[in-house]
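Enquirer: Here are the chains, one letter per residue:
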Amino acid sequence: MRLRCAEELLFRALMVLSTIAVLSGLLLIIAVITVKGAGALSLDMITRLPTGGYYLGKEGGLLNAIVGSLLLGLGATACAALLAIPVALYLQHDYAGRRRWANLVRMSLDLLWGIPSIVYGAFGFTIMLYLGLRASLLGGIIALTLVELPIMARAMEEVLRMVSVELREASYSVGATRWETMRAVVVRQALPGLLTAILLAFGRGIGDAASVLFTAGYTDHLPRSLLDPVASLPLAVFFQLGTPFPEVQQRAYAAAFLLLALVLLVSVCSRLLTRRLSRHAVK
Amino acid sequence: MGVSIRQGSRLPGVDAAPAVPPDRRRGELSPQAVGSGRLLRERFSAALITLVSALVGLLTLVVIAALFLRSLPILRQHPLPELVTGTVWKPLAGQFGFWPFILGTLWVTVLAMVIATPVCLLTAVYLAEYARPSTRALVRPLVDVLAGIPSVVYGLFGVLLIVPFLGDDLAPFAQRHWGFLPWLSPGEVSTGYCVLAGGIVLALMVAPVIIAVAEEVLESVPAGAREASLSLGATKWETVKHVSLRLALPGLVASVVLGFARAFGETMAVLMVVGNVAQSPRSLFDPAYPLPALIANNYGEMMSIPLYDSALLLAALMLLTVVLVFNLLAEAVVWARKRAGQ
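Protein chains in written order, with our numbering: chain A, 1 to 283; chain B, 1 to 342.
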C-alpha cells in the first residue's frame with residue numbers, strides 16, 4: 001500500500017516538475033531576449049535605414065527589416081487567406097458531399113503543415129527560377145504563402161465547423177443556396193475565429209526565416225516594387241549575429257526583441273479581438 | 001470561439017452534418033431564382049471552391065515532383081546509395097557525400113527527442129489528468145505561445161545562454177569527470193557550439209507540438225474507462241498507467257512521431273547553435289552539420305559550380321521524404337484508431 005502511494009507521489013512530482021521545466025523554458029527565452037534586446041534598442045534602430053558602415057558598427061537602424069517583414073507578412077497573409085477560405089469552406093459538410101475527397105484534402109493540409117520551411121524556401125526558389133524572378137518581395141511572398149496556408153486553412157476549418165448545424169439548416173429551410181448560407185451565415189458567424197486564424201498565420205509568417213532566406217534576399221533599402229529584394233527581421237537577427245563586431249551583434253539582439261515583441265503582440269491582439277468580436281455572434 | 005495552434009482535430013468526435021437539401025446540392029432552384037442569377041453564383045462559387053481545394057490537395061505532389069525533377073541531374077551522374085553513404089563533401093571536385101550531414105541531422109534530432117519526449121508526455125498527462133481547470137487555462141495558452149516564437153529567437157536564446165553554459169561549464173566538467181563515457185566526453189576543447197546545444201534548443205521547439213497532440217489524445221480517453229478503474233480502488237496514477245496511457249498509446253506515439261518530423265526539418269535555430277562542421281560527431285560536445293543547415297548556408301552561392309544546386313535540392317528532397325513518411329505514419333496511426341473506434 002505504501003508503495004502505491006509512493007509511486008503516485010513520485011510521478012505526480014515528476015509531472016509537476018516537467019510542466020515547470022517547459023514553462024520556465026518559455027519564461028527564460030522571453031527574459032533573456034528582453035533583457036539583452038531592450039538594452040540594445042534605441043529610437044534610431046526603428047526609425048532609420050542602415051547607413052554606410054552600419055555593419056561595422058556605425059550608425060543606422062533596422063527600418064529596412066521592419067518594413068520588409070511587415071510587407072512580406074501582410075502580402076503572404078493576404079494570399080494565404082484567399083486560398084485558405086475556399087479550402088476551409090470545401091471541407092465543410094455542405095460542400096464536401098463525398099467525404100473521401102475532403103479527407104484527402106485534409107490529409108494534404110496536414111502533410112503541408114509538416115513540411116519544413118527550408119523546403120518551401122527551396123521549392124519557392126525553384127518556382128522563381130522557372131518564372132525568371134530574382135530574390136524579391138514577390139518571391140518571398142510566394143514562399144511565405146506556402147508556409148502560412150496549411151496553418152490558416154486548418155485553423156479556419158475548425159472555426160467554421162463550430163458554427164451550429166441548426167443555424168445552417170435554418171438558412172437552407174428559407175431557401176438559401178449553399179453560397180448564400182456560407183456568405184451570410186457561416187462566415188459571418190465565424191468571423192472572429194477566422195480573424196484569429198489569420199492573425200495566427202501572420203504571426204508565423206513574420207517569424208519564419210528559412211523560407212525567405214533565398215527567396216526574398218536582403219537589402220539595406222526599402223523595396224520600391226514587388227520585384228525588389230527586401231530585408232526581414234529574422235534574417236536581420238541571423239546576419240547581424242554572424243558578424244564579428246559586438247556593436248552589430250547588439251543590434252541582432254534588438255532585432256530579435258522587436259520580432260518577439262511583434263509576435264507576442266499579434267498573439268495577444270488575436271485573443272482580445274476574439275473576445276470583443278464574438279459578442280455579436282449568435283450564441 | 002478560439003483557434004488553437006493544435007493541428008486540427010485528428011480524433012474522432014461529434015461531427016454532425018447539416019442536412020443540405022438535395023436540390024441545393026445539385027444546384028437546382030425555382031424558376032424565379034434562376035432568373036436572378038442566384039443559381040449562377042451558386043454554381044460558380046462551388047466550382048471555384050472545388051478548384052482551389054483540388055490545387056491545394058495536389059500541392060504536396062507538386063512540391064515533391066519539382067524537387068525530384070531538379071535533383072535528377074545529380075542522380076543521373078551518381079547513384080543514390082553512393083551519395084547517401086559518401087563521406088566526402090567537395091562540390092568543387094564533384095564529390096557529394098551526404099553521410100556526415102545525414103548523421104548530423106540524426107544526432108541532433110534523436111537527442112532532441114530523447115530530451116523532449118519524457119518531459120512533454122509527463123506535462124501532457126499532468127495537463128490532461130491532474131491539473132485543475134484553472135491551472136490548465138493558464139498553462140495551455142503559454143504552451144501555445146511557445147509554439148509561436150520564431151525560430152531565430154530560439155537560436156539566439158541558444159547562442160546567448162546554452163552555448164556559453166555548455167562551452168564554459170558543462171564541457172570542461174564532462175571532460176574531467178565523465179572521461180570514461182564514450183559519448184559524453186568532448187574529444188577536444190568544446191566551443192559550446194555542438195550537438196547537445198542543438199538538441200536542447202530543438203527539444204524546446206518541439207515541446208508544444210508533442211504536448212498539444214498528446215494532451216488532445218489523452219483527453220479523448222472516455223471518462224467511463226477511468227471511472228471503472230478508480231471504482232476498483234486503483235490510485236490515480238495506476239488508472240493513468242493502466243487505462244489512460246494504454247488506451248492513448250497509439251496517439252501518444254503519433255504525437256512523438258510528429259514532434260520528430262518537426263525537429264528533423266528545423267533549420268535556423270539549429271544552424272545557429274550546432275557549429276556547422278562537416279564531420280561525424282563522436283560525442284555530444286562535438287559540432288555537427290545537419291542537412292537543413294547545409295541547404296541554408298550554401299544555397300545562395302551554388303550557381304557557378306556544376307551539380308551543386310542539384311545536390312542541395314536533393315538534400316531538400318531527402319528532408320521532405322523523411323518528414324512526409326513520418327507524418328504519414330502518424331496519420332496512419334490516427335486512422336487505425338478512428339477505424340477501431342467506430
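Please note: incorrect hints may appear among the correct ones.
Claimed, not checked - The following label-pair restraints were derived from C-beta to C-beta distances:
hint, chain 1, residue 1, chain 2, residue 2, range
1, A, L272, B, G94, 51 to 61 Å
2, B, P141, A, R12, 22 to 32 Å
3, A, L272, B, R41, 27 to 37 Å
4, B, P172, A, Y130, 48 to 58 Å
5, A, E59, B, P250, 25 to 35 Å
6, B, A93, A, C269, 21 to 31 Å
7, B, A223, A, G39, 23 to 33 Å
8, B, A223, A, R12, 27 to 37 Å
9, B, K90, A, H221, 31 to 41 Å
10, A, G39, B, V253, 21 to 31 Å
11, B, V325, A, L82, 39 to 49 Å
12, A, L226, B, L92, 29 to 39 Å
Read the hints as simulated data drawn from the structure, not as lab findings. Quick reminder that beta carbons are idealized off the backbone N, C-alpha and C, glycines included.
Enquirer: Hint by hint, say whether it matches the structure.
Expert: Here's how the hints hold up against the structure:
1. A:L272 with B:G94: 51 to 61 Å: holds (58 Å)
2. B:P141 with A:R12: 22 to 32 Å: With a Cβ separation near 23 Å, P141 (chain B) and R12 (chain A) satisfy 22 to 32 Å, so the hint holds.
3. A:L272 with B:R41: 27 to 37 Å: Holds, at about 35 Å.
4. B:P172 with A:Y130: 48 to 58 Å: Holds: the Cβ-Cβ distance is about 52 Å, inside 48 to 58 Å.
5. A:E59 with B:P250: 25 to 35 Å: violated (58 Å)
6. B:A93 with A:C269: 21 to 31 Å: At 53 Å between Cβs, range violated.
7. B:A223 with A:G39: 23 to 33 Å: With a Cβ separation near 51 Å, A223 (chain B) and G39 (chain A) fall outside 23 to 33 Å, so the hint is violated.
8. B:A223 with A:R12: 27 to 37 Å: About 20 Å separates the Cβ atoms of A223 (chain B) and R12 (chain A), which means 27 to 37 Å is violated.
9. B:K90 with A:H221: 31 to 41 Å: holds (37 Å)
10. A:G39 with B:V253: 21 to 31 Å: Distance hint for G39 (chain A), V253 (chain B) is violated at roughly 45 Å.
11. B:V325 with A:L82: 39 to 49 Å: violated (31 Å)
12. A:L226 with B:L92: 29 to 39 Å: holds (36 Å)
Comparing the model with each earlier hint shows violations of hints 5, 6, 7, 8, 10 and 11; every other hint is respected.
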